[in-house]
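Here's the letter readout for the chains.
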Amino acid sequence: MLNKLPHLCPSCSSPLNVKSLSCGNCQTEVTGAFELPPLARLETADRDFIVDFVKSSGSLKLMAEKMRLSYPTVRNMLDDIISRLNELENPSQNGSSGLDSKKSK
Amino acid sequence: MKTWLFNPFKFIAGTRALLLGLGIMLITAIICMLTRWHLDGVIDIHQGKDGAPSYIYFIEPVIDWLCLVLPLYIFGQSFSISSIRFIDVAGTSALARYPMLFAVLVSTLMPHHNNDTKDFLNSLLSDPNLIMKLVLLSLLLIPLTVWTVALMYNAYSISANLKGPKAAWSFVASFLIAEILSKVILWLII
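Protein chains in written order, with the working numbering: chain A, 1 to 105; chain B, 1 to 190.
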């Protein structure tokens, strides 16, 4: 089982950064201060949704069929993820919709 | 089960919901025509006078439904951050009316009174069972009304991607507009 990637500090809930990376083959270690990309900071379910969405060629209709959910339900899920991504990228705008304009899909 | 009862729109929307909703509306209208009950408002159900033309029974639910769909779609377009589709608002709103079928079936418990208050009061005085039937009918119609409104709200919330106070007040406003609009249009037609 893969461990869940923590992205928030369990003590103060601030975003966590990557301090070191290691090569699984030769054990080389790289240390530094690397920020996690916004996609990696999403919940596992949200990341899985994005992967499925890309694999479905960005078709919400196809996603709805695969997930056996209605089109607006899947569209709402995507819009919620977009809002969360925008909040991660612009934490100062927390609480706003995060969707600048209506999307056409 | 709870989701299917109160929020089937999570699984069904768009054209499928529209066809299903229109089919149930048609069956409801046929029962209304046979029992002379009128759906003369968004969630209204009343007894009508004899001799009303048959087409009225089929026009009424369509007007009720469209009068709600239009303000919901306009509010949805104005307040939603999502790109909402008319077919979703129309389809889910049509399907949300399915408890009206049960309301009409339950209402057949009451004998027909040709919309005459005097006749109805005389029947109440002469038949004590009628009061019991009236109480029973009210007890059955109240939860059916709550169920219908809950379905209509969830249909709007899903199809327009609105939640919280914004969804609640825009739904209430749409509902009031629809109730007035449907009454006026039906009054003009009939």
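One should not assume that every hint holds.
Below, a list of computed lysine to aspartate or glutamate pairs in the DMTMM-like style, where the Cα atoms sit at most 20 Å apart [claimed, not checked]: (1) K4/A <-> E65/A; (2) K61/A <-> D48/A; (3) K133/B <-> D119/B; (4) K10/B <-> E89/A; (5) K10/B <-> E65/A; (6) K163/B <-> E35/A; (7) K10/B <-> D52/A; (8) K19/A <-> E29/A; (9) K163/B <-> E87/A; (10) K61/A <-> E29/A; (11) K66/A <-> E89/A; (12) K55/A <-> E65/A; (13) K10/B <-> E29/A; (14) K61/A <-> E43/A; (15) K118/B <-> E179/B; (16) K166/B <-> D52/A; (17) K55/A <-> E87/A; (18) K66/A <-> E87/A; (19) K19/A <-> E35/A; (20) K133/B <-> D116/B; (21) K61/A <-> E35/A.
Since the hints were made in silico from the structure, they are not lab data.
Against the structure, the hints come out as follows:
no.	hint	in the structure
1	K4/A <-> E65/A	28 Å, violated
2	K61/A <-> D48/A	17 Å, holds
3	K133/B <-> D119/B	16 Å, holds
4	K10/B <-> E89/A	29 Å, violated
5	K10/B <-> E65/A	12 Å, holds
6	K163/B <-> E35/A	33 Å, violated
7	K10/B <-> D52/A	19 Å, holds
8	K19/A <-> E29/A	10 Å, holds
9	K163/B <-> E87/A	18 Å, holds
10	K61/A <-> E29/A	44 Å, violated
11	K66/A <-> E89/A	30 Å, violated
12	K55/A <-> E65/A	13 Å, holds
13	K10/B <-> E29/A	47 Å, violated
14	K61/A <-> E43/A	23 Å, violated
15	K118/B <-> E179/B	27 Å, violated
16	K166/B <-> D52/A	31 Å, violated
17	K55/A <-> E87/A	25 Å, violated
18	K66/A <-> E87/A	28 Å, violated
19	K19/A <-> E35/A	9 Å, holds
20	K133/B <-> D116/B	18 Å, holds
21	K61/A <-> E35/A	34 Å, violated
In the structure shown, a violation is registered for the earlier hints numbered 1, 4, 6, 10, 11, 13, 14, 15, 16, 17, 18 and 21, in ascending order.
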